[in-house]
Amino acid sequence: MIIDKVKKVNKEENVRNRNEKASDMMIGKWVKCDKCKEILYKDDVHNNLSVCPNCGRHFRLSSRRRINQIADEGTFEEIGQEILTKDPLQFEGYLKKVEMLKEKTKIEEAVKCGICKIEGEQAVIAVMDGNFLMGSMGSAVGERITLAIELSIEKKLPLVIFCVSGGARMQEGIVSLMQMAKTSSALAKHNEAGLLYISVLTDPTTGGVTASFASLGDIILAEPDCLIGFAGPRVIEQTIKQKLPEGFQKSEFLLEHGFIDRIVERKNMKSEIAKIIRLHK
Amino acid sequence: MSNKITAWDRVCLARIAERPKSLDYINSIFDDFMELHGDRLYGDDKSIVAGIAKLDNVAVTVIGEQKGKKAKENMERNFGMPNPEGYRKSLRLMKQAEKFNRPIITFIDTPGAYPGMGAEERGQGEAIARSMMEMSKLKVPIICVVIGEGSSGGALAIAVGDKVVMLENAVYSILSPEGFASILYKDSSKCKEAAESMKITAEDLKKLKIIDKIIQEPEGGAQNNLEQVSNDLKKYINDSIIKLKQIPKEKLIEQRYEKFRKM
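Chains as they are written, first to last, in our numbering: chain A, 2 to 282; chain B, 104 to 366.
Honestly, the hints are just simulated from the structure, not real lab data. Check the hints yourself; a few may be wrong.
[Said to hold, decoys possible] Listed next, the in silico DSSO-like pairs over lysine-lysine satisfying Cα-Cα at most 30 Å (straight line):
{"id": "1", "chain 1": "A", "residue 1": "K156", "chain 2": "B", "residue 2": "K240"}
{"id": "2", "chain 1": "B", "residue 1": "K240", "chain 2": "A", "residue 2": "K157"}
{"id": "3", "chain 1": "B", "residue 1": "K316", "chain 2": "B", "residue 2": "K198"}
{"id": "4", "chain 1": "A", "residue 1": "K282", "chain 2": "B", "residue 2": "K240"}
{"id": "5", "chain 1": "B", "residue 1": "K354", "chain 2": "A", "residue 2": "K157"}
{"id": "6", "chain 1": "B", "residue 1": "K149", "chain 2": "B", "residue 2": "K202"}
{"id": "7", "chain 1": "B", "residue 1": "K157", "chain 2": "B", "residue 2": "K354"}
{"id": "8", "chain 1": "B", "residue 1": "K316", "chain 2": "B", "residue 2": "K172"}
{"id": "9", "chain 1": "A", "residue 1": "K36", "chain 2": "B", "residue 2": "K289"}
{"id": "10", "chain 1": "B", "residue 1": "K365", "chain 2": "A", "residue 2": "K103"}
{"id": "11", "chain 1": "B", "residue 1": "K198", "chain 2": "A", "residue 2": "K190"}
Quantities reported herein were computed from a predicted structural model and do not represent experimental measurements.
Work out the full structure: start from the sequences and follow the hints.
Next up, the structure:
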């Protein structure tokens with residue numbers, strides 16, 4: 002009897018919860034996990050570092066939130082924010098699109114760079130942002146990252162780059178392509194100076210970014226289940242005229258093939274980076 | 104050639120089967136070319152040819168992306184689209200050139216690095232990145248010549264040099280005009296329009312200071328007078344190497360860094 006009553010109470014509570022959920026749904030407090038398809042409360046996801054509480058899927062982060070997760074509070078000092086988008090091809094509609102994105106995302110370009118402390122360890126950090134033209138690398142991204150590399154050489158500090166990118170930015174043509182040579186050359190100098198570079202790959206890291214600084218870390222970390230590759234899966238499928246196997250170009254696949262050092266969950270990322278930095282002091 | 108040739112015309116000229124390929128230039132510019140094979144890690148990629156040769160009497164290392172002229176040869180050469188082992192062979196021989204103090208000459212002619220499953224499994228991105236990074240600090244002169252199609256990271260991977268030159272009808276771009284059109288115009292048939300807006304011709308790239316020099320071609324394209332183009336190219340390579348050899352090694356590397364730093 003008592004059990005029945007409890008059940009009944011629970012049932013009523015469930016109905017109430019569901020109704021609350023339904024009304025929240027109307028005002029966009031819910032999000033569906035693209036991996037496990039579970040409907041999740043946005044606040045729960047947010048409070049869980051934007052990782053699905055159900056299946057562990059790591060959702061994409063803005064550069065601002067990533068910096069908040071990695072840098073000690075109040076220590077991040079931005080550099081290179083004066084470097085803005087250029088339009089070397091005078092490509093129709095490009096700058097207009099950039100202006101719209103700036104308005105929408107409240108960021109100026111697809112990477113934020115600066116100096117910060119990570120568990121008290123000073124480091125230069127560059128964090129790409131997939132919300133800005135898919136984190137593509139044009140001249141501003143390449144220049145900001147090169148400035149960050151050069152600052153880390155000048156100050157003899159370790160360098161951490163969080164990558165997320167669809168590749169080179171098409172709208173800037175050949176100038177985007179040259180950013181690959183520029184950033185890779187700067188890393189050659191960094192390497193000669195005997196400094197530590199940690200590259201962190203997040204979902205997705207592809208194209209010209211994979212084929213430049215993302216792949217050149219002394220230590221390469223990746224979040225779980227990210228897409229990481231040079232050619233995009235669709236291009237490969239069109240080329241070989243067959244479907245790619247499950248898990249192809251995922252973090253775990255790259256670990257197995259020897260192209261990354263470690264897969265690190267978001268909740269451990271900060272402490273793991275700090276630990277690596279301390280091991281190089 | 105007349106200025107009325109459009110960017111798309113040059114794309115077509117750069118791609119025609121009879122256009123001279125890397126080996127044609129290697130054999131006409133250098134003596135005693137000895138091809139060397141393999142990356143010492145996985146295999147030998149036939150879409151990149153590499154070896155030692157003599158430029159007049161000076162030993163040099165020569166590397167070139169090699170397309171075929173006929174279907175069978177193109178299959179063998181993977182249409183000039185290298186796999187990671189191609190870039191790793193190239194880098195191995197560039198480091199060998201540095202060890203023996205030989206200048207390096209590279210020939211660029213590729214529709215892009217190969218986007219296949221094996222290429223991904225063996226780290227195409229890493230191979231390209233490593234090649235650019237190492238080229239930027241090699242202590243010997245490097246001359247890079249875009250002879251046909253220089254497309255994407257697959258071209259840039261062997262084009263980080265002290266001098267980057269283009270043949271008049273060659274094109275050098277972030278990806279093919281077809282790819283560009285399909286991404287930005289959502290319609291690959293708009294490739295002609297794309298070619299015009301992408302700034303991919305030697306003339307445009309000289310203005311943008313991406314390249315240092317344009318080598319003229321005869322009317323109709325390089326295939327109509329390989330000897331003339333080779334002679335002009337040889338003279339340019341020779342003159343450049345003589346000048347670059349006089350620069351102290353540290354300064355040579357610094358100048359190369361500054362060249363790409365400005366882009």
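Now the hints, each set against the structure:
With a C-alpha separation of about 21 Å, the suggested pairing of K156(A) with K240(B) holds against the 30 Å cut-off. A threshold of 30 Å between alpha carbons decides the hint, and for K240(B) with K157(A) the separation of about 20 Å falls inside it, so the pair holds. Distance check on the hinted pair: K316(B) and K198(B) sit about 26 Å apart at the alpha-carbon level, within 30 Å; holds. Taken as a hint, the K282(A) and K240(B) pair is honoured in the structure, with Cα atoms around 26 Å apart against an allowance of 30 Å.
Distance check on the hinted pair: K354(B) and K157(A) sit about 22 Å apart at the alpha-carbon level, within 30 Å; holds. Between the alpha carbons of K149(B) and K202(B) the distance comes to roughly 24 Å, so the proposed pair stays at or under 30 Å and holds. For the hint pairing K157(B) with K354(B), the CA-to-CA distance comes to about 26 Å; that is within 30 Å, so the pair holds. With a C-alpha separation of about 27 Å, the suggested pairing of K316(B) with K172(B) holds against the 30 Å cut-off.
Taking the CA atoms of K36(A) and K289(B), the gap is about 28 Å. The hint holds against a cut of 30 Å. Straight-line distance between C-alpha atoms of K365(B) and K103(A) comes to about 26 Å, which keeps the hinted pair within the 30 Å bound. Between the alpha carbons of K198(B) and K190(A) the distance comes to roughly 17 Å, so the proposed pair stays at or under 30 Å and holds.
When held up to the earlier numbered hints, the structure conflicts with none and fits them all.
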